[in-house]
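Peer 1: Here's the letter readout for the chains.
2 protein chains.
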Amino acid sequence: MKIYRARYGGVCFGVKRAIEMSLTAAGKWKQVYSLGPLIHNRLAVEELKKKGIITTNTLNDIKNKKVIIRSHGIHPRLLHRLKKQEYEIIDATCPWVRKAQRYVEQLISEGYHVIIVGEKDHPEVKGLLGYGGPHSEIYSERMKIKHKKIGIVPQTTINYEALNQAVLHFIDRVLELKIYNTICKATILRTHEAVRIAKKADVMIIIGGKNSANTTRLFQVCNKYKPSHHIESADEIKVEWFRQAQSVGVTAGASTPKEQVDEVVTFLKKKFRRKKSIP
Amino acid sequence: MKIYRARYGGVCFGVKRAIEMSLTAAGKWKQVYSLGPLIHNRLAVEELKKKGIITTNTLNDIKNKKVIIRSHGIHPRLLHRLKKQEYEIIDATCPWVRKAQRYVEQLISEGYHVIIVGEKDHPEVKGLLGYGGPHSEIYSERMKIKHKKIGIVPQTTINYEALNQAVLHFIDRVLELKIYNTICKATILRTHEAVRIAKKADVMIIIGGKNSANTTRLFQVCNKYKPSHHIESADEIKVEWFRQAQSVGVTAGASTPKEQVDEVVTFLKKKFRRKKSIP
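Taken in sequence, the protein lines are chains A and B. Position 3 of the first sequence, counting from 1, maps to -16 under my numbering, and the rest follow consecutively. Position 166 of the second sequence, counting from 1, maps to 147 under my numbering, and the rest follow consecutively.
So that you can see chain A by itself, here it is in the shape it has in the complex (with noise of 0.2 Å):
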């Protein structure tokens, strides 16, 4: 069987570096805590607690006021009480986080509304209305508006699909629109890479945590093509998912390291050595 294996798929940049940096801090302090996991992704999360790099929800648990802002980013009133408190901060927000952020403040100066396009309960969403404060609220498609001046800022792992609908949502019901698209490169590559190979191969296999709401995404996105199926490890893999398959695409959410990605493609390989296809 053919396997088409996605180069971008797996860890995307933000993650990674917010990973290199908290292990570079627990290199120093020995143990660091991360707000929320540094990736969603059980078994990842697991590796790194060998490592030093605790996860927890609770500013109580930090023993040593070392405390990792991850990819996500946080809300400025965390942020805040952070600093206040003289907590130690590795602050791994991503850089392109970091830009929405600022243009959801700028957008804010200017006078616009503004609207955020993305998943409610998201943590980068939830950081995002945070630096909007009380002019700020979640893109809804029942939401009606009274302000004139709107301005847009998306989540940056959001598909076009979703931030499309939004503004065409908002054109023809308001004088004045500002877009900030800060959808990243490694979102729009790897859902187009993921397209291109649904469309080819007979099966997809999406690996990444069931909490990642990309890789979620990126399934939906691939069950519009093909069979389609979102898994944590290769022994979540069924045979009768490949009965008549001549080839299988395989990708991974912006959460998922390479090595997960790598033992499902050897599983694949093994498992379907010999045959051209499954009767």
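Treat each hint with caution, since some may be false.
Heads up, the list lumps identical chains together, so a pair's fine if it works in one copy or across two of them.
Unchecked claim - Think about it this way: if two alpha-carbon atoms lie no more than 25 Å apart in a straight line, the pair counts; the simulated BS3-like pairs of lysine-lysine are:
| no. | residue 1 | residue 2 |
| --- | --- | --- |
| 1 | LYS64 | LYS11 |
| 2 | LYS32 | LYS(-3) |
| 3 | LYS64 | LYS181 |
| 4 | LYS9 | LYS30 |
| 5 | LYS166 | LYS130 |
| 6 | LYS11 | LYS46 |
| 7 | LYS130 | LYS80 |
Honestly, the hints are just simulated from the structure, not real lab data.
Please arrange chain B on chain A, whose structure you already have, making use of the hints.
Peer 2: Chain B in isolation, oriented as in the chain A frame:
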């Protein structure tokens, strides 16, 4: 036969205002000269001529230095020339077009590359491009843009379809997109109502000069729903259009005087007084 007459078809606010301003000026100076037809309608232009409003394309024709700027507005270079040569100017630029011109200037001053969405040879568009200067151009599907900051200003009388298409063209190609929605209310109401009527009527009649761009667009929109006919006056109406029709919708472009719509409706009423439908 049932006749649905549009409420929002016919001469728009800007054109009506320009005619009134010109009539007042003609009353004062006997003759005034309009740079291009005040209204894209042959019959109406002939009527205006009798009242002292003369259409011309060249300043040389203007004997008494009394000049009308029609609702479409003009290129700022020409306006400058008129002022310098001490013409008496009746500036009947539609207030909504004037606003669009100001938005173009503002976008340029903020460092945007400005895209005008509209018809290449339309006088309003030519004027808007004049205010944009070298940092502006008209939208075309095949354009390649290397600017990071794009400003979009639509011609006041285009459909949202055209604006939406242009916006989606740029959204994934630029960092920053600022849109002033200068499509005027009259255009929106006229289009929406025409669609509503075209959905229920069996045949559509759209009245307006063959050289009127907005009438042509109105025809195209209606023609998507029902067989439609773009006419200038009642004598173009053919009986065969109404075979098996139970109802007809009548609307008109932004440059069609009320009298011409009256004439068509009266004609239809007379013609089909007794017949429920034409066999």
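Peer 1: Hint by hint, say whether it matches the structure.
Peer 2: So, going through the hints one by one against the coordinates:
1. LYS64 x LYS11: Within one copy only: 21 Å inside a chain, 77 Å across chains, cut-off 25 Å.
2. LYS32 x LYS(-3): within (15 Å within a copy, 77 Å between copies)
3. LYS64 x LYS181: Answer is neither; intra-copy 51 Å and inter-copy 65 Å both fail.
4. LYS9 x LYS30: For LYS9 and LYS30, only the intra-copy Cα distance (15 Å) is at most 25 Å; the inter-copy one is 88 Å.
5. LYS166 x LYS130: Between copies, since 17 Å is at most 25 Å while 27 Å is not.
6. LYS11 x LYS46: within (12 Å within a copy, 87 Å between copies)
7. LYS130 x LYS80: Classified as both; 21 Å inside a copy, 16 Å across copies.
In this structure, only the earlier hint numbered 3 is contradicted, and the remaining ones agree with it.
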